[in-house]
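Trainee: Listed here are the chains, written in short residue letters.
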Amino acid sequence: MYAIVAGGGKVGESVTRSLLRMGHEVTLVEQRRDRFEHLEAELGPVALAGDATEIHILERAGIARPPELVLAVTGDDEDNIVIAQIAQDGYQVPKVIARVNDPRNQTHFDLLGVTQTVCATSGLLGLVEHEVPEHGMVRLLELRREGLEVVELQVPPEAPAAGKRVAGIALPEDARLVSVTRNGIAELVGDGTVIRPGDQVVAVLKPGVEDRLRLALIGGE
Amino acid sequence: MGMKAVVIGCGRTGSSVATNLAAEGWDVTCIDEDEGALARLGEWRGGFVVGHGMDLVVLEKAEVAKADAVVVSTDGDNSNLVSAQVVQRRYEPGCVVVRILDPRRAAFYAERGLRTVCPTQTAIATLTEVVRNSEPTPVTAGGSS
Chain E
373 MYAIVAGGGK VGESVTRSLL RMGHEVTLVE QRRDRFEHLE AELGPVALAG DATEIHILER
433 AGIARPPELV LAVTGDDEDN IVIAQIAQDG YQVPKVIARV NDPRNQTHFD LLGVTQTVCA
493 TSGLLGLVEH EVPEHGMVRL LELRREGLEV VELQVPPEAP AAGKRVAGIA LPEDARLVSV
553 TRNGIAELVG DGTVIRPGDQ VVAVLKPGVE DRLRLALIGG E
Chain B
44 MGMKAVVIGC GRTGSSVATN LAAEGWDVTC IDEDEGALAR LGEWRGGFVV GHGMDLVVLE
104 KAEVAKADAV VVSTDGDNSN LVSAQVVQRR YEPGCVVVRI LDPRRAAFYA ERGLRTVCPT
164 QTAIATLTEV VRNSEPTPVT AGGSS
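Going down the list, the protein sequences come from chains E and B. In terms of the working numbering, the first sequence opens at residue 373 and continues consecutively. In terms of the working numbering, the second sequence opens at residue 44 and continues consecutively.
None of these hints come from the bench; they were simulated from the model. Using N, Cα and C, we set each Cβ at its ideal position, and we do this for glycine too. Mixed in with the good hints there might be a few duds.
Unchecked claim - Stretch by stretch, here's where chain B covers chain E in the computed footprint (C-beta under 8 Å, at least three residues):
1) 389–402
2) 423–433
3) 446–458
Claimed, not checked - The following residues of chain E were derived to be distant from chain B, with all beta-carbon distances above 10 Å:
4) 373
5) 436
6) 461
7) 508
8) 512
9) 526
10) 563
11) 576
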């Protein structure tokens, strides 16, 4: 596979190393001179000096081939959006992933059609929430393009769903229970599955029905 | 009802566009990260919001949703491109126009429906045209006869 990585900071450099180790062909574009010199010393001709938001630099990096993958991982969100738009709309790159530095800019990425994004801050918060669940529900995954999310809930002892069969629980229409983990063992949910206190339940739902799902499974405040 | 304009980026270009429009009776609000940019507007009766043009809180404060026209002219091509597209899609004002210094990016986004103005391209065309159309400079005899 051929990949262009735009932005040679810590993230770009380490992703490039991983891709190279997997046997892929990579060009890593970095505009800061000192940073580029470091990358060139480490990675040789894989490193390319220049501003990846300039189309002629992207062309020099081989955007017209086009690559199978473009990663826009600079430290500036506006640069990452522009790189991603040029790659996907101008050169039909099949897979473009952009880094969101400031979570407040996430809505801009979504609005402007850059759907595959990674945000370290949100990811970190997600992990923190996973360890310290608020209101008993953790968001595990957001599938933006599909308009779905995957959440996990812990069932407390007095939950309305405790002791009930899944078929007998009044779930919101836009939510499905996927699995139940009990004593470290996960099982896929069928209509006959019984929810027990202490269970960790994974559900798929459409955004907006989180509160109703929480109410149905683990109850009010 | 008067017309309302928001100018994002109050440098040499943005501030002049703002004062031009204000002189023609537009209700103009400027956005700039630097409070000092207000000085470029002289005796200013319009609005001024300190902040970044990609910040939705700042855009709301400038009442972009009520604007008939939005001019984007900061010194950053990429933040201009993001601000202009966000404004166009989110608030759909009648006119969004954005200054882009890089001719390639200006052309790329113009092809995709953004109204871009590229001073670099204008300079290239004008300079070339002036040279093309100039009378050949007469060779003056050096020294005295």
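Trainee: In terms of Cβ atoms, is chain B entirely out of 10 Å range of residue 576 of chain E?
Mentor: Holds: least Cβ distance 29 Å, greater than 10 Å.
Trainee: Closest CB-CB distance from residue 563 of chain E to chain B, is it above 10 Å?
Mentor: Holds, since 43 Å exceeds 10 Å.
Trainee: Checking the smallest CB distance to chain B, is residue 512 of chain E really beyond 10 Å?
Mentor: holds (27 Å)
Trainee: Against chain B, does residue 526 of chain E hold up as non-interface, every C-beta pair farther apart than 10 Å?
Mentor: Fine: 34 Å to the nearest Cβ keeps residue 526 of chain E off the interface.
Trainee: How does the segment 389–402 of chain E fare against chain B when you require at least three residues with a CB closer than 8 Å, holds or violated?
Mentor: As far as the segment 389–402 of chain E goes, the hint is violated, because 0 residues have Cβ atoms under 8 Å from chain B.
Trainee: Once the closest CB in chain B is found, is it more than 10 Å from residue 461 of chain E?
Mentor: Residue 461 of chain E is in fact no farther than 10 Å from some Cβ atom of chain B, at 7 Å.
Trainee: Decide, holds or violated, for the assertion that all CB atoms of chain B are farther than 10 Å from the CB of residue 508 of chain E.
Mentor: holds (31 Å)
Trainee: Beyond 10 Å on every Cβ pair: is that true for residue 436 of chain E relative to chain B?
Mentor: holds (13 Å)
Trainee: Count the residues of the segment 446–458 of chain E whose CB lies closer than 8 Å to any CB of chain B, then report whether that count reaches three.
Mentor: holds (count 7)
Trainee: Test the statement that residue 373 of chain E is away from the interface with chain B: the closest C-beta pair must be farther apart than 10 Å.
Mentor: Per Cβ check, residue 373 of chain E is outside 10 Å of chain B; nearest 25 Å; holds.
Trainee: Do three or more residues from the segment 423–433 of chain E put their C-beta atoms closer than 8 Å to C-beta atoms of chain B?
Mentor: n = 4 at 8 Å, threshold three: holds.
Figure legend: structure checked against the earlier numbered hints; hints not met, in rising order: 1, 6.
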